[in-house]
Each structure stands twice: as C-alpha cells, then as structure tokens.
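Position chain B relative to chain A; hints supplied.
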Amino acid sequence: MLDVDVLQAVTFVVIVLIALAWYLSYSAARLDRLHAKVEGAMSALDAQLVRRAEAALELANSGALDPGSALLIADAATASLERTTEHPLTEDLLDGQHFGGREGVESDLTAALRAALPDDVVAGLRVRDDELVTDSLDRVAASGLRVRLARNFHNDAVREVRRVRAKRSVLFFRLAGYAALPEPVDFDDELPLALAA
Amino acid sequence: MRIGMVCPYAWDVPGGVQFHVRDLAEHFIARGHEVSVLAPADQEEGLPAYFTSSGRPVAVRYNGSVARLTFGPVTSARVTRWLEAGRFEVLHLHEPMNPSAALMALWASTDEPVVATFHSSVVKSRALQAAHPLLRPSLEKIRGRIAVSQEARANMRRYLRAESFIIPNGVRVDRFRDARPREGWCGTAEAPTLAFLGRCDEPRKGLGVALRAMRDVLDEHPTARLLVAGPGDASVLLRDADPRVVRSTEVLGVVTEEDKASLLASVDAYLAPHLGGESFGIVLVEAMAAGATVVASDLPAFTDVLDGGRTGVLFETGSADALGHAVLDLLADPERRRTLRALGQDRARVFDWGVVADRVLAVYETVIAGADGEPDQPTPTGLWGRLVRGVPGGGS
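These protein sequence lines are chains A and B, in that order.
When we follow my numbering, the leftmost residue of the first sequence carries the number 811, and every step to the right adds one.
When we follow my numbering, the leftmost residue of the second sequence carries the number 208, and every step to the right adds one.
The following block holds chain B by itself, in its conformation from the complex:
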C-alpha cells in the first residue's frame, strides 16, 4: 500500500507525535508498504529516505504553548508537490487541527481517502472555534478519525462534535521486555529503589510530589533511593526538599533508550506522579513492558493504560501522602509486586506496535473500501463547474 503520512511538528525535535509517526512509518516499511512522511525539518541532511521536508519550522505560540510549525506559501507548494508525486492510496494526517503541514495537506488533498489521528487531549482553541466554518468543508474530507485515548476522544466529541475510534499509541514492547536489570539500580529488601522519568523542571511531571512522598518512604526504609532520569534542572526542587530526601535522590540526567529500559527493569517501583496534561502515558506502557510495578496518579489517561488500576497502583493525583502510602504498601508486599509485574507485562502487549499497526492498517482498508464504494461523481468542467464542485483548496 502507498501511504502518505504528515506530522505537523518539527521532525528533528524529540516529541511524542514525532516518535509515533516515525515508529509507525518504519513498522509499515518493514512490512513491505511504501511510506512517505512529510513534516517540518530544520535541515535535510541525515534524515531518513522516506522523509520529505515541508519547510523550516517557525516557533509560534498556538493554543497556549510554543510549537514549531510550518505554514505559508512555500509549505503550501511543497505539500501540493509531495501529494502529486506520491499518488498515495491513503493519506494519514496527525493532529490536522494545528496550523501546520497536516492541515495544509488536508486542504490540498483531492482524491486520496484521508485518515486523521488526534493525539492531544487539548483541542479546544479560540482560533478553532472562530475558523470552524472555514475549515468544516475541509474536515469533511476525513473519512476515518482515530483518537489515541478516551480523553482525546471525549475532547473531539466536545469541541469538534466528531466521533472517533480509539487506537492507542504503540510501544516496541520487545525492546523493553528484553531489557537487562543493572546491579547499581536494583533494590534490596532493606534498600529498595524507585524511579522517576521525565523533565525535572516541568511542574506537571510531578517530581515535587515524588520528593515529598519520599519522606514517608524514608521513615520506614531509611536507605531507599529515588533515581531520577530525564532532562531539565532538578536543583531548584532539591534545594527546597528535605535534606534526607536530597541524600537519597540520585539524579541521572538524560539517559539513553537502553538505559531507560534497564532502569525500569531494575527498580522496585516506577513512579508516575504527573499532575495533568497527559493524553496517553506511553512511559507507563514502557514501564510495564520492562517489568516495573507502576505507581501512577489517577489521571484518566493513566487509569486507561493501567486498565482501571488492575495492572498497576493508582493514587490521588497530586497527593504526596497518597503516593507515600501506595509505595509503602507495595514495598511491604513482594507477592503483590510479582503479580503486578506479570499482569503489567501482559497488559503492555496490547500496546505493541504489531497489534497497534494492524489496527491502523484496518482503518486504512476501511476508508479505502469506502472511497471505492462511492458512486461516481461528475468531474467538474469549465470555470463555473470548478468553482462550484472543486473541493476547497484541492485541484485548482
């Protein structure tokens, strides 16, 4: 199958949507499909062969955060050329509501059946409400909508009044399942280890909650350790923390994917004390795949990933007391940890790329069947015909 995928965010900047598009594209290529990815990129060297740049990204404020996007006539021309050269059987757009390459591809597409994936849990925006009448005819070209989580789906219902089918994000489960524990990171009965992953200086990732919860943990296990991995400066948070907690915290900084997997495979529990703004929770899946027991805040996205708390421990979001108790209960019960480990590894398989990509492929097949099943439309002729019948943006 010839598949065209469009990612709205700069390809050379790490991010959830970019990784998702990359993994999905590479998975399909490995299965023998022809895939071409269009996204903004700063430089063209060193980019994979399946990649086409939609132009240099510009950092702009949109919907409350700074994103690196492309728009304007140059992007528009590149998108059109890419569509013409690709002759795709299906066009898969990611986050088409952002003012970037995916929206422009939607606008410019003509015959290709369009599938759209909505990743963000935040689709609400003033611009969207204001520009809706303008965008609506373009949005009607979408034949299949995918949401990555219950939350993303609920938001699409609320703000776009559209239905969608849930297909979660994928994880390369085998990569995490085969991770080897590292001795220095493994806990013992007397000195258990806990892990935190994510930006240290971003409050909504919740490192502050974890540090406060550590006080309770240290009361019962004075030699417990908290291993913190991820970019950002933790020193501000550590300055205000209890000195005992500071002594027991090890900041690892940015770690490689392999080290991340090893860390998750080593520790007694992985903590996900996020405060909000998470639409999925891919790290939780990675942690389960690596065999870590997960202790996570009860955000809707996390509750989903942990199957309502069956395959991990949920605590009240933002409550350090609740996190402390949850960790202590877990450390006191090795049998429960073993059960959760097994359940978690089983659960992670649902999110394996093999399973997820098969579902995406089923979506492609369904929209292609729908496009083929349509009665023939008269081809627009003459100026009036083109003006009237022409799909907005496309074909003229």
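Chain A on its own, in the form it takes in the complex:
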C-alpha cells in the first residue's frame, strides 16, 4: 500500500519535472529566436542607413544642388557615416541589440533631406535628366523607404521579445540570461514628399 503510493508520487514528480524542463527549455529557445530576429532586423536597418547616407552624400556632391543645400545634406550624411564607422555594429558589446544613440544623427539627416529637397527642387532636379543626379535621387528614395520598413519591422520584433520577457516564468527562471533588453529605435524617418511616392 505504502509502496504504491511512493511509486506513484515519484512518477508524478518526475513527469512534472520533465514537463517543466521541456517548457523552460522551449521558452528559452523561443526567446533566443526572438533575440536573433531583433539582431537581424537591426543589421538590416544599419545597412540601409549606411546606403541612405552614401546616396545622400553622392547627391550633395553631384553639383546639381545649390551650395547651401549641398552643404546641409553633406554635413548630416557625413555625421551619419562617421557615427557608423566609429561604432560598427559588429563590435557592439550589446550584440547589436542597441542603436547606440545614433537616433539624433539619423533624424538630422532626415530633416536635412526634407529641408533641402522640397517638391519643386526635386522636380527641377529630375528635369535636368542627368543620369548621376536621377540615380542618386532614386537611391535616396529607395534606401529611405527601406530604412522606414526596417525600423518598423525591428520595433515589432523588439515588442515581441519584450512581451515574452515580461512573462513571470521567464523572469523567475532568468531564461533571458544576460542578454540585454532590446530597445525600440525611434527617430524621424519621414522622407521628403516628392521622394515618398
């Protein structure tokens, strides 16, 4: 009688432990995947920001803009590029889960593009039919759109990680380990109207 009870109790405890172990390992793996997704999304955002700055710099140096506008864009684009080379994402101690305070620089470039490229100026540049100018305009527009997409997708991935990490079981068993809590990236990425359509 006593025998059976002990056996039953032991079996029950073992099953519960296995189930718990599975659940915790599964949650840890899921969290891992979500962190990897954030990291991937961040590297996509980073690549597009570099392209955007390069295209903007090329446009500024094309000679098609007035010197004031050209200088404004060149200054902001250079700041963005310098920031990227000074703190390359690959050497990021936080595993690319943070934007490292680049928000201000990127917002400035967006604002410079908007200020220097109102509708009539863009229309004027397109009429020149200069291949180099049209090409760099197109590249600013294309990378600008991809920056917006990448930031949107990145922040969505961040939201998913944060939701899972707020779960009690994840907090209690420290399933996230030492991984930094990813932050949403917030900067102004609204393109000039003439390049947005």
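Just so you know, the hints here were simulated from the structure itself, not pulled from any lab data.
Predicted, not measured: the structure shown is a model, and the values here were computed from it.
Beta carbons are placed, not taken as given, at the ideal position from N, Cα and C, and that holds for glycine.
Treat each hint with caution, since some may be false.
Said to hold, decoys possible - Computed far set for chain A versus chain B, every beta-carbon distance over 10 Å:
hint	residue
1	A880
2	D885
3	D930
4	L955
5	R973
6	R975
7	V980
8	Y988
Unchecked claim - Each pair of labels, with its calculated beta carbon distance range:
hint	chain 1	residue 1	chain 2	residue 2	range
9	A	G910	B	D536	52 to 62 Å
10	A	R972	B	E233	51 to 61 Å
11	B	E464	A	S979	48 to 58 Å
12	A	V931	B	Y269	50 to 60 Å
13	B	L254	A	G987	48 to 58 Å
14	A	A925	B	A237	31 to 41 Å
15	B	F226	A	L881	43 to 53 Å
16	A	P928	B	R545	22 to 32 Å
17	B	Y269	A	D940	53 to 63 Å
Just chain B now, with coordinates in the frame of chain A:
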C-alpha cells in the same frame, strides 16, 4: 527572386484578396521573378501555371461571414510539399489569421523569411482571442507585416498588438486611364449621368442611399440618369423607390472590366454611398484613374483613398440628403469637376501596381536582409533538441 504566395480564399471565386494576389503575382512574373501561388481551388483545370491548389475549399462560417477555406490533414500535407518543392527566398502570406492555407503555411514554414499582408478591417474574433497563446509562437515567425489601409493597421494594433507598414492595394491604372467613354453613358448639361457600382442587393453597398438621393437630383435635373452596374437583384429596392427615380434608373447588371472602365470614364460623377465594412475602396481608385469625379461616403478607408477629400467629394455616411446636395453642387460646377478629374487621375497613380509592387519588393528585401543578418542558430539535434528548439509545426 523565388517568391511563394498564399491566398486563403478559393481562387475560382472572385474577391478582393484573390485579385490582389493574382495581380501582384503576375506583376512580379512579368518582372522576371519566380512566383508560385498556393490557394484553395475547386478544380485544377484552366488555372495558371504558377498556381498550386491547397485542396477543395469548404464553405464555413468564420468571423461572422461564410468563407470558402481549406484546412485539415490533406491541406497540411499539400502545404508542406509545396514549401519543400518551392525552396522560396521569401514567403508572402495573405490574411494569415484565417483558418486556411495561409495559416497552415505559417505553421509549416521553417527557414523562409515570412511577410504577411492583412487586408480585412475586421480581425477581431473570439476564436483568435481564445487561440492566441497557441498561435503566438507561429506569429513570431512573421518578419514584416503589411496593412492595406489605416483602418486595417489600427485594427491590427488593437487586436493583435502588432505594428505594420501600410502599402495600399494596387490597381492597373493604365487600363482605366485608357478607357474610352461610351456615348450612351455620357451625360449632357441637361441630362447628367451618375454611376453606381457594386452588389445591388447588399445593403452595405448603399444603393438605397443613392436611390433616395436621386429624388433631390431629379428635382433640379429631371432628365438625369443613374446607371447601376453590378451583380444582384435591384428589383426589391426599386419596388420601394419613388416612381420618378425608377424611371431614371438604368440597371446594367454584371459588366465586364472594360465596360466598367468605360462607364467610369463616361459619367459626370461616380457615387460610392457605402455604409461600412470597406477596408480599402479599390473602386474609388479605379474611378479616379478612369477620370470620374468621385462622390463617396466619409468612411475612414474612403477618406484615405481620396486624400482627406482633396481629390473627391465626401459626404456624411448614410445620409441621402448629404449625397443629394453633394451631387447637385458638383453638377452646378463644371470647373470643379474638371479640377477633381485631374487631381483624381494624379492621385490614382500612387496606387498603380508599378509603385505598389516596388514597395512590396522593398519589404521582401528588408526581411531577407534581416534573416541573413541573424547570428547562426544551433541546429537542433536529437529528440530533445528537436522538441525544444523545433519551431512549432515546422521541420518535424
């Protein structure tokens, strides 16, 4: 690029999502991409070469309306086989929250980066709330979410707590821009013509509102005509309408795409008196592209398409008086009609497939870059590893 697209609704039944998937797929194929579409279909003959059937659709009630969907083990096996054979670089699912092929593809997908487009403005459902914990790990496979309108995006925020990027539906603008007006449908200063498009017997399309508004129009323009095109039986509505209105209404029945374009290009104004339940308003774009002046109810989706009322006239939804006045004002002002026509044709270009598909392609590139930028994950080994690391549904 090798693209796999999944549509949850029966391919052989006309519908907004099906047309969207078809046009997008054909546009990408014309640009040299490899596209394969998976969707439910009743019969396999006569379907395009890029199409694979996920099984015979079954009509079921889901989320308050009857939809023709596929599910079950046969669909599941077909979806898995299609994914394996396709080796897609990107998987684009449409309406993945419906219990159909797209949800099953999401479940079964392994390595492909997933993009999802949400079309419906109604995502709320009891089932969704109840099954959310079960679906959540699958939903986490989605790397990029697209909403077709502000409204679809707001609903996704509310019910799925997810962010999305807005890319509107596409229209083949050139097809409508080149439409020729037809003499019989063109209005004159004394006898203007108005058009209504859509199911006549579906109350939310608002034919009833248009018929009531016609009384006011006929008071000032006794020979005005209302041309009604679309499936459904209009006789019930016409029986209750003013006899003068009945005499001035011409029911054209179902028209071809060409006739639809000609009709829109001919009339003095196109009326969109819908009462609700519209997530986008593709007809409004078609009307603008064809050069019709649009008079539409002020639903959020329509307000968006008309750029807040800049490129068309908005009136209070459901109000026949407001519609009547809007039409009379417009008929009295040919100069305004000309301006709106030009603005509308310009506005329609934003929705051209060329522009829209480029944005979708940008989404594909962004999610692929994201997947490539991920650190390498250990491949699951052994039974325990597979149980723990295996993505739900996939790979096992």
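**Request:** Against the structure, test the hints numbered earlier, and report the numbers of the ones violated in rising order.
**Result:** Hint check: 4, 5 and 10 fail, others pass.
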